[in-house]
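Start from the sequences and build out the full structure, keeping to the hints where you can.
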Amino acid sequence: MREFAEKGADIVKRTGGIGHHFLLFELEVANGRFLRDRIGQVNNDSYKDTKMNPWQERNNTNNKVTGWLGNVRASLAFLSRLPAGDSEPQRPLSDAMAGFGPAGAVIGAIAGCIAWASLAAGLPASMSAIIGVGALVAISGALHEDGLADTADGLGGWTRERALEIMRDSRIGAYGVLALVLVTALRIAAYDSLILAHGGFLDMVFIFSGTACLSRAALPYLLHAASPARTDGQAAGAGRPDHQTVRSAIISGLAIYGLFLWTAAGFFAALAGAACAGLAVYCVLRLARTRLGGMTGDVAGAAQQIGEVFILSGLIIAG
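For what it's worth, my numbering labels the leading residue of the sequence shown as 1, then goes sequentially.
Just so you know, these hints were derived from the structure itself, not from any lab.
The structure presented is a predicted model; accordingly, all values stated were derived computationally and were not measured.
One thing to keep in mind: the hints can contain errors.
The calculated label-pair distances, taken between Cβ atoms and stated as ranges, are [said to hold, decoys possible]: (1) D169 / L271: 34 to 42 Å; (2) R168 / A117: 38 to 46 Å; (3) L259 / P92: 39 to 47 Å; (4) T66 / G199: 21 to 29 Å; (5) D169 / T66: 19 to 27 Å.
All residues carry an ideal CB built from backbone N, CA and C; glycine is no exception.
Structure, rendered in structure tokens:
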């Protein structure tokens, strides 16, 4: 029996599947049914490891699509006040951040439609820009604007500890008010300029949607690249996204942004906007590390606002 077992081990290694049948014949002659069953099991297991059933492949694809849509829906529920359906409590926000870019595209598309409707109704571009920015604020529940104001107030503190203490305070100060006024004015002026240059329906929707998409798709990278500034803050509670989440967010965000802005404003304008977005990410990340010792949820909100202004500026300069 041992002789047949050793011979069986050699034959199993043969390629093409012939060794299995030859071994089964010899073992059956020797009445070694136990070894035959074991070799048959090895054969089946090897097939399962090297081959995937078409139904399994289809299920894996469906699971990936379902998971991606779940991330987008969870991101919409977090980033906006849109009815995103029943959320999945078992899905961590750090994983759902992969859908920040597409969720931002949905938010921006709705605001772009509203801005175009006001322009089509006969309102001037300046008023349409104001209405469009107002729609962005209303849809997001002023989530990012609140972070911008808190961050501006916090940076008025002399020390890291004092800055974090001020940012935790829900009251808004002078720095916060000024930051909101200045950034909102810049956004309105930028959209006004772009509406005058690209006033068509698709152009306006693509500009609003693509800008909102890329400015939010960069947030997972910031939360991954810098550790939370405090252990009990929003950034720490959300968790740090992993490499796969960051990669998925950036790829989907750049793909949507590139398609929309290349169509609406041209290749070089889209490229300039993306480059300005990268510059904004670098500036915010450096500021968070040196001034606060890490990222907070408020800084992430401020990053979206600053990134949006930078993207719009790049589109105007190169457009």
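Checked hints:
no., hint, verdict
1, D169 / L271: 34 to 42 Å, "41 Å, holds"
2, R168 / A117: 38 to 46 Å, "40 Å, holds"
3, L259 / P92: 39 to 47 Å, "29 Å, violated"
4, T66 / G199: 21 to 29 Å, "39 Å, violated"
5, D169 / T66: 19 to 27 Å, "41 Å, violated"
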